[in-house]
Amino acid sequence: MLVVAEDEQQTVQEARAGEPEAWSVLLRRYRLPLYAYVFELVQQEQTSLDIVQETFINAARHIGGLQQDDKFGSWLFNIAHQKCAQHWRQQHPEEIAIDPQHEDYPDVEAGPQELLIRKEQEAEFMRLLNQLAGPHRAVLVLHFVEDFSLDEIACITGTQIGTVKSRLHYARKAFKKLWEKKHENPA
Amino acid sequence: MKTPRELILERHQAAEAKLEMIRAEDLAKYARASAAQPSGRVQPSFSLAAAARNFWQESLWPWRRTWLGLAAIWLVLLALNLATNERPKVASHKMPPPDPELMAALREQRRLMLQALEPIAPPPALHPKIPGPRSEQRQTMILA
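Residue numbers (this note's numbering), protein chains in the order written: chain A, 22 to 208; chain B, 296 to 439.
In short, the hints are calculated from the structure, not lab data. Check the hints yourself; a few may be wrong.
[What the hints assert, rightly or not] Label pairs and their in silico Cβ distance ranges: (1) A:R49 to B:A345: 32 to 38 Å; (2) B:N376 to A:W109: 36 to 42 Å; (3) B:W351 to A:L137: 44 to 50 Å; (4) B:L355 to A:L137: 48 to 54 Å; (5) A:K197 to B:R360: 35 to 41 Å; (6) B:E320 to A:M147: 32 to 38 Å.
[What the hints assert, rightly or not] Below, a list of computed lysine-lysine pairs in the DSS-like style, where the Cα atoms sit at most 25 Å apart: (7) B:K297 to A:K140; (8) A:K197 to B:K297; (9) A:K140 to A:K202; (10) A:K104 to A:K92; (11) A:K194 to B:K297; (12) A:K198 to A:K140; (13) A:K104 to B:K313; (14) A:K104 to B:K324; (15) A:K198 to B:K297; (16) A:K197 to A:K140; (17) A:K92 to B:K324; (18) A:K194 to A:K140; (19) A:K202 to B:K297; (20) B:K324 to B:K313.
[As the list claims (entries may be wrong)] According to the in silico footprint, chain B covers these stretches of chain A (three or more CB under 8 Å from chain B): (21) 29-40; (22) 59-71; (23) 81-90; (24) 153-166.
Quick caveat: nothing in here was measured; it's all calculated off a predicted structure. All C-beta atoms, glycine included, are put in the ideal place defined by N, C-alpha and C.
For reference, chain A alone in the conformation it holds in the complex (with noise of 0.2 Å):
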């Protein structure tokens, strides 16, 4: 994950324990990203808005669950992710997602903050996430926006590690070639 606040295991058990401020603390850290990955997923700003919503409050009513405190972030996210899925079914039923076959992927790859995008690219790049496959999309903003482990992403994502190994890989792979096309054929 990226920086994150030494105290936010504190932040969590006082959160379990009901106090507002920590819930606070919890919200402004994690509310916009929550809402850009779920975004990115549905597309639609009402039913993000309202996935958000619900996610905070089911996180609330079963953090007494939560079984490692520094893991808040990523299971934060799976209760999102659950929640799109089960939107996405409702819209999509017939739609399967289909995953091309597991190899062996380097475990380390670039960081996200590699990447660094100029003011000019900033419309292309959005544009070229929305390019990808969902699966592939959602991998790669929990690994832009949170900068996730694999471990963390496969947790969120309820698939294994190699799926995500490959659908990073993929979705990486994808944008790149997105990106180069683009910027080798600017018209």
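Let chain A serve as the given structure and place chain B on it in line with the hints.
Okay, now just chain B, sitting in the frame of chain A:
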């Protein structure tokens, strides 16, 4: 220059105001209610209504067209079955009277079979003559 994170979050910055509708006080209240439970953790509880709703949402509703199609097929089959309503004719079919010659031949064949299968009486057993003891023979000879 921006990182992807900065760019993605900036794109959704406008939603921040709407996200403020989620109140920390409400969340704290839910958490306190959860902590007040005896085990301190939310126990999964089985409820028939929740199970039925879950079954509806996950098994029926996503494949509603398939289920409707199957139901339509069954209705068509039922309608066809009721419309044709024919009884099998095997039961009402009467057998013609048997041929007397054939019956006589069968009776004769049966009689021969019974004769062939009749148990044969065993011959009377011949008891071998057992000679008496030597002392009796000797006495007979002396008396003679």
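Results of checking the hints against the structure:
1. Range check, R49 (chain A) to A345 (chain B): about 33 Å between beta-carbon atoms, so the 32 to 38 Å window is met.
2. About 41 Å separates the C-beta atoms of N376 (chain B) and W109 (chain A), a value consistent with the hinted range of 36 to 42 Å.
3. The given range of 44 to 50 Å is respected by W351 (chain B) and L137 (chain A), whose C-beta atoms sit roughly 49 Å from each other.
4. For the pair L355 (chain B) and L137 (chain A), the supplied restraint of 48 to 54 Å holds, since their beta-carbon distance comes to about 49 Å.
5. Between K197 (chain A) and R360 (chain B) the Cβ separation comes to about 39 Å, which falls inside the hinted range of 35 to 41 Å.
6. Hint check: E320 (chain B) to M147 (chain A), Cβ distance near 35 Å, so the stated range 32 to 38 Å holds.
7. Taking the CA atoms of K297 (chain B) and K140 (chain A), the gap is about 8 Å. The hint holds against a cut of 25 Å.
8. At most 25 Å may separate the alpha-carbon atoms for a hinted pair to count; K197 (chain A) and K297 (chain B) meet this at roughly 17 Å.
9. In summary, the hint linking K140 (chain A) to K202 (chain A) is supported, as the alpha carbons are separated by about 18 Å, within the 25 Å threshold.
10. Using a Cα cut-off of 25 Å, the hinted pair K104 (chain A) and K92 (chain A) holds, with the two alpha carbons roughly 19 Å apart.
11. Straight-line distance between C-alpha atoms of K194 (chain A) and K297 (chain B) comes to about 20 Å, which keeps the hinted pair within the 25 Å bound.
12. For the hint pairing K198 (chain A) with K140 (chain A), the CA-to-CA distance comes to about 20 Å; that is within 25 Å, so the pair holds.
13. This hinted pair checks out: K104 (chain A) and K313 (chain B) have alpha carbons roughly 19 Å apart, not beyond 25 Å.
14. Distance restraint check for K104 (chain A) and K324 (chain B): the Cα-Cα separation of roughly 22 Å lies within the 25 Å cut-off, and the hinted pair is therefore satisfied.
15. Our distance criterion of 25 Å between C-alpha atoms is met by K198 (chain A) and K297 (chain B), whose separation comes to about 20 Å.
16. Between the alpha carbons of K197 (chain A) and K140 (chain A) the distance comes to roughly 18 Å, so the proposed pair stays at or under 25 Å and holds.
17. For a cut-off of 25 Å, the pair hint linking K92 (chain A) to K324 (chain B) stands: about 22 Å separates their Cα positions.
18. The hinted pair formed by K194 (chain A) and K140 (chain A) meets the criterion: a straight-line CA distance of about 23 Å does not exceed 25 Å.
19. For the proposed pair K202 (chain A) and K297 (chain B), the alpha carbon gap of about 21 Å is at most 25 Å, so the pair holds.
20. For the hint linking K324 (chain B) to K313 (chain B), the alpha-carbon distance of about 21 Å falls within 25 Å, and the restraint holds.
21. Interface restraint, the segment 29-40 of chain A with chain B: holds (5 residues with C-beta to C-beta distance below 8 Å; minimum three).
22. Using a Cβ-Cβ cut-off of 8 Å, 5 residues of the segment 59-71 of chain A lie near chain B, which meets the minimum of three, so the contact claim holds.
23. Judged by the Cβ-Cβ criterion of 8 Å, the segment 81-90 of chain A is covered by chain B as claimed, because 6 of its residues qualify and three suffice.
24. Coverage of a stretch by a chain is defined here by at least three residues with a beta carbon nearer than 8 Å to that chain's beta carbons; for the segment 153-166 of chain A and chain B the count is 3, and the condition holds.
Comparing the model with each earlier hint shows no violations; every hint is respected.
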